[in-house]
Amino acid sequence: MSVPCNRCKVKQSTYYREYSGERLCQDCFKDTVLDRVKRTINKYKMFEWDSRIAIGVSGGKDSLVLLHLLHMIESVRPKAELIAVCIDEGVSGYRDEALRLAEINCRKLDIEMHTLSFSALFGETMDAIAVKERELGACSYCGVLRRRALNEAAKQVDADRLATGHNLDDMAQSVLLNILRGDTNRIDSFNPGGQQLGDYIRRVKPLCEVPERETTYYAFIDDMEFQSLPCPYADEAMRSDARRFLNQMEHKRPGIKFTVYQTGLKIRGTREGQVMNRCEICGAPTPGKICRTCELTNS
Amino acid sequence: MRIRVRMMGVLRKAQGNKEAFLDLPEDSTVGAAIKTIIAKNEALIGMLWDQEVGSPSPNALIMLNGVEIKNLQGIETPLMSGQELVLLSVVHGG
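One line per chain: the protein sequences are D and U, in this order.
Each step along the first sequence adds one to the number in my numbering, with nothing skipped, and position 54 is 54.
Each step along the second sequence adds one to the number in my numbering, with nothing skipped, and position 70 is 70.
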């Protein structure tokens, strides 16, 4: 038998937040996640009252939770618009299931869905890229190309913001990975609120302070259907190592993921903003001469 | 006793079916149920159990009748016949 919810003191608690000591019922759990996302949006001034927001929906639980939360938050702003943008990387089986889940949820919320494929944009599917001889893991290609594809899809629907479902775990892993790789450029650009860079649409991460366990529990109690297939190319060993390390640290010292995330923000705050150039091939903003997308597609 | 076990997310694929019934000795705990499930299907070990820490994997969310087990007595939570154990993988890959 569980104890009463610490917040409403009426219903039985169903979730224990180790990092804060709260025991919450399902309704209060959902309310607190919603409140936190609203606070994050306000803190980083992510949206205007009339923003046209493209939501990157992969069909995974994070992007579906984001879709549902933004639908609730933006419904009180009649001039704000939401549109789901989905990228079909061309991973047989895996992405088919995800796109089906994205479609079901968009239909349920009456949100328009726009899909852009790797093959339409880059002339190749991820399946075709994966079988080629290449220097980097498949995830490295997919991540870079998907980022570009999301921006293109958001431009196609005339959005002025692009919201993605990156959660606290993703953010903490990125801080740690950038330190381990010595990638100071990326530490400089660590910014959940995003920034407008030329014709690159401002990317925002409203779930950046919600732990992955909580987006998962939210999706569970909201009765969302879950993706059952793992990505066949999920082989980015270094991120998996960072994930494992942070999870073990969190197990022993609850709250450590928040600390790592906050540290990323503090490091960024102590450094001068990164000077961005234009890619000599495609014109996209890049700290070097050639952007990562062109580096990969030309190799 | 008999409990219902429901797998969600990538665990469902690894298990091969969405739900199953599990027969356990009386006075069993959540931990005993998980160990029984793992013993029947080794593919689930890495997803459900962290052998270094000796507890359920942080990548697994485990609910007993909708209540996350950390809000109960963790793996020491006693089971009762007819309860539903939901096992859900936090990791999906975007």
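Everything labelled a hint here was simulated from the structure, so no lab data went into it.
Careful, some of the hints might be misleading.
What the hints assert, rightly or not - Taking lysine-lysine and the DSSO-like style, the derived pairs with C-alpha atoms no more than 27 Å apart in a straight line are:
no.	chain 1	residue 1	chain 2	residue 2
1	D	K266	D	K38
2	D	K43	D	K155
3	U	K13	D	K108
4	U	K70	D	K30
5	U	K70	D	K252
6	D	K30	D	K45
7	U	K35	D	K11
8	D	K79	D	K155
9	D	K30	D	K79
10	U	K35	D	K30
11	U	K70	D	K9
12	U	K70	U	K18
13	U	K70	U	K13
14	D	K108	D	K30
15	D	K11	D	K45
16	D	K252	D	K30
17	D	K9	D	K45
18	D	K289	D	K132
19	U	K35	D	K108
20	U	K13	D	K252
Since the structure is predicted, the reported quantities are computational estimates derived from the model, not experimental observations.
Broken hints, numbered, in rising order?
The structure breaks hints 7, 10, 15, 17, 19, 20; every other hint is satisfied.
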